[in-house]
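> Single-letter residue listing:
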Amino acid sequence: DGGITQSPKYLFRKEGQNVTLSCEQNLNHDAMYWYRQDPGQGLRLIYYSQIVNDFQKGDIAEGYSVSREKKESFPLTVTSAQKNPTAFYLCASSPQPQGTPYEQYFGPGTRLTVT
Amino acid sequence: AQTVTQSQPEMSVQEAETVTLSCTYDTSESDYYLFWYKQPPSRQMILVIRQEAYKQQNATENRFSVNFQKAAKSFSLKISDSQLGDAAMYFCAYRRGSTGNQFYFGTGTSLTVIP
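Sequence order for the protein chains is F and C. Counting along the first sequence from 1, when you hit position 23 you're at 69 in our numbering, and nothing is skipped either side. Counting along the second sequence from 1, when you hit position 60 you're at 89 in our numbering, and nothing is skipped either side.
One chain only, chain F, in its complex shape:
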């Protein structure tokens, strides 16, 4: 089945440590995205990538980094510079605008807790 996988579902880290969240898709989508969701809030865009080896900052990129070495993979690193990293992280993908269907597909999310 085609879809997006995120692992792990729950992740715990000590403050000051970098942590990498995994996101893999087998939908052959060009674009991939990372969102952060805090309790009772909407989705805030961290980074997105339209093609391999290219990515753009979203609204809240500070303290995060990404890479896009393969079309299928878009890992997100939460660095120690991120002041409040505890949150729910969602990865998504979509085809190019001229492709159909044109909506975003989402992974199941990773809940990161930093103490």
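Possibly wrong hints are sitting among the right ones.
[Claimed, not checked] Simulated crosslink set (DMTMM-like; lysine to aspartate or glutamate; CA at most 25 Å straight-line):
{"#": "1", "chain 1": "C", "residue 1": "K84", "chain 2": "F", "residue 2": "E149"}
{"#": "2", "chain 1": "C", "residue 1": "K102", "chain 2": "C", "residue 2": "E81"}
{"#": "3", "chain 1": "F", "residue 1": "K103", "chain 2": "C", "residue 2": "D55"}
{"#": "4", "chain 1": "C", "residue 1": "K107", "chain 2": "F", "residue 2": "E149"}
{"#": "5", "chain 1": "F", "residue 1": "K117", "chain 2": "F", "residue 2": "E61"}
{"#": "6", "chain 1": "F", "residue 1": "K117", "chain 2": "F", "residue 2": "D100"}
{"#": "7", "chain 1": "C", "residue 1": "K84", "chain 2": "C", "residue 2": "D55"}
{"#": "8", "chain 1": "F", "residue 1": "K129", "chain 2": "F", "residue 2": "E149"}
{"#": "9", "chain 1": "C", "residue 1": "K102", "chain 2": "F", "residue 2": "D105"}
{"#": "10", "chain 1": "F", "residue 1": "K116", "chain 2": "F", "residue 2": "E149"}
{"#": "11", "chain 1": "F", "residue 1": "K55", "chain 2": "F", "residue 2": "E115"}
{"#": "12", "chain 1": "C", "residue 1": "K107", "chain 2": "C", "residue 2": "E90"}
{"#": "13", "chain 1": "C", "residue 1": "K102", "chain 2": "C", "residue 2": "E39"}
{"#": "14", "chain 1": "C", "residue 1": "K99", "chain 2": "F", "residue 2": "E149"}
{"#": "15", "chain 1": "F", "residue 1": "K55", "chain 2": "F", "residue 2": "E149"}
{"#": "16", "chain 1": "F", "residue 1": "K116", "chain 2": "F", "residue 2": "D76"}
{"#": "17", "chain 1": "C", "residue 1": "K102", "chain 2": "F", "residue 2": "E149"}
{"#": "18", "chain 1": "F", "residue 1": "K103", "chain 2": "F", "residue 2": "D76"}
{"#": "19", "chain 1": "C", "residue 1": "K84", "chain 2": "C", "residue 2": "E44"}
{"#": "20", "chain 1": "C", "residue 1": "K107", "chain 2": "C", "residue 2": "E44"}
{"#": "21", "chain 1": "F", "residue 1": "K103", "chain 2": "C", "residue 2": "E44"}
{"#": "22", "chain 1": "F", "residue 1": "K55", "chain 2": "C", "residue 2": "D115"}
{"#": "23", "chain 1": "C", "residue 1": "K107", "chain 2": "C", "residue 2": "E81"}
{"#": "24", "chain 1": "C", "residue 1": "K99", "chain 2": "C", "residue 2": "E44"}
[Stated by the list, open to error] Over the 12 Å line for every Cβ pair with chain C, so calculated as not near, a few chain F residues:
{"#": "25", "residue": "Q63"}
{"#": "26", "residue": "D76"}
{"#": "27", "residue": "S119"}
[Said to hold, decoys possible] Label pairs and their computed distance ranges (CB to CB):
{"#": "28", "chain 1": "C", "residue 1": "P38", "chain 2": "F", "residue 2": "R157", "range": "33 to 41 Å"}
{"#": "29", "chain 1": "C", "residue 1": "A45", "chain 2": "F", "residue 2": "E108", "range": "43 to 51 Å"}
{"#": "30", "chain 1": "C", "residue 1": "R72", "chain 2": "F", "residue 2": "G109", "range": "27 to 35 Å"}
{"#": "31", "chain 1": "F", "residue 1": "N99", "chain 2": "C", "residue 2": "K84", "range": "44 to 52 Å"}
{"#": "32", "chain 1": "F", "residue 1": "F58", "chain 2": "C", "residue 2": "P144", "range": "32 to 40 Å"}
If you are wondering where the hints come from, they were derived from the structure by calculation, not from laboratory data. In this text, a Cβ means the ideal position worked out from N, Cα and C, and glycines have one as well.
Based on the hints, put chain C in the right spot on chain F.
For chain C alone, coordinates are given in the frame of chain F:
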């Protein structure tokens, strides 16, 4: 920049009744797509319905339908015959047309279904 506004943080509906969730958006584009996503307690984002701006006919998917008013920039979701499984956060989202890879989300409406 595009903005998406959901003015109802919380809504409730009696089981089997009908409820309408509101969404307005701001854009200067004429070509775009609109979506409603559902996020149940599992936190998996699920596409409910999509609407192409160039289509005058309102989209419907079983018990879900939209009222798309392009001139008013309004995109409301109507849920008929509400079921307990409809209880979730609902997010309205916008995507620009032919060149748009970014999605813009509202802050969500939490829907409670009362048995």
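> Compare the structure with each hint and give your call.
Comparing the hints with the structure gives:
Under the criterion of a C-alpha separation no larger than 25 Å, the hint pairing C/K84 with F/E149 is consistent with the structure, at around 16 Å. Only pairs whose Cα atoms come within 25 Å are accepted, and C/K102 paired with C/E81 is accepted, the gap being roughly 13 Å. Between F/K103 and C/D55 the alpha-carbon distance is near 22 Å, which keeps this suggested pair within the 25 Å criterion. Between C/K107 and F/E149 the alpha-carbon distance is near 20 Å, which keeps this suggested pair within the 25 Å criterion.
Straight-line distance between C-alpha atoms of F/K117 and F/E61 comes to about 31 Å, which puts the hinted pair past the 25 Å bound. Taking the CA atoms of F/K117 and F/D100, the gap is near 11 Å; set against the 25 Å cutoff, the hint holds. Restraint check for C/K84 and C/D55: the C-alpha separation of about 18 Å stays at or below 25 Å, so the hint holds. For the proposed pair F/K129 and F/E149, the alpha carbon gap of about 32 Å is over 25 Å, so the pair is violated.
For the suggested pair C/K102 and F/D105, the alpha carbons sit about 24 Å apart, so the restraint of at most 25 Å is met. Simply put, F/K116 and F/E149 have alpha-carbon atoms about 21 Å apart, close enough for the 25 Å limit, and the pair holds. Of the supplied pair hints, the one linking F/K55 and F/E115 holds, its CA atoms being roughly 23 Å apart against a limit of 25 Å. Annotation: proposed proximity of C/K107 to C/E90 holds, straight-line Cα distance about 10 Å (limit 25 Å).
Simply put, C/K102 and C/E39 have alpha-carbon atoms about 21 Å apart, close enough for the 25 Å limit, and the pair holds. In summary, the hint linking C/K99 to F/E149 is supported, as the alpha carbons are separated by about 19 Å, within the 25 Å threshold. Taken as a hint, the F/K55 and F/E149 pair is honoured in the structure, with Cα atoms around 23 Å apart against an allowance of 25 Å. Note on F/K116 and F/D76: the hinted pairing holds, with a Cα-Cα distance of about 10 Å set against a maximum of 25 Å.
With a CA separation close to 19 Å, the supplied pair C/K102 and F/E149 stays within the 25 Å bound. Pair hint F/K103 plus F/D76 holds up; C-alpha atoms about 17 Å apart against a cutoff of 25 Å. About 31 Å separates the Cα atoms of C/K84 and C/E44, which puts this hinted pair outside 25 Å; it is violated. Straight-line distance between C-alpha atoms of C/K107 and C/E44 comes to about 14 Å, which keeps the hinted pair within the 25 Å bound.
A C-alpha spacing of about 42 Å is found between F/K103 and C/E44, which places the hinted pair above 25 Å, so the restraint is violated. At most 25 Å may separate the alpha-carbon atoms for a hinted pair to count; F/K55 and C/D115 meet this at roughly 24 Å. Straight-line distance between C-alpha atoms of C/K107 and C/E81 comes to about 17 Å, which keeps the hinted pair within the 25 Å bound. Distance check on the hinted pair: C/K99 and C/E44 sit about 31 Å apart at the alpha-carbon level, beyond 25 Å; violated.
Chain C leaves F/Q63 outside its interface by the beta-carbon criterion, the shortest separation being 24 Å against a cut-off of 12 Å. Annotated as non-interface, F/D76 brings its C-beta within 12 Å of a C-beta of chain C; the closest such distance is 8 Å. With a cut of 12 Å on Cβ distances, F/S119 stays outside the contact zone with chain C, its closest approach being about 18 Å. For C/P38 paired with F/R157, a C-beta distance near 22 Å fails the hint of 33 to 41 Å.
Here the CB-CB span from C/A45 to F/E108 is close to 47 Å, well matched to the stated 43 to 51 Å. Against the hinted window of 27 to 35 Å, the Cβ-Cβ separation of C/R72 and F/G109 comes to about 22 Å, which falls outside the hint. Between F/N99 and C/K84 the C-beta distance comes to about 36 Å, which lies outside the given range of 44 to 52 Å. Between F/F58 and C/P144 the beta carbons are some 36 Å apart, a value that agrees with the proposed interval 32 to 40 Å.
Checked against the numbered hints above, the structure violates hints 5, 8, 19, 21, 24, 26, 28, 30 and 31; every other hint is satisfied.
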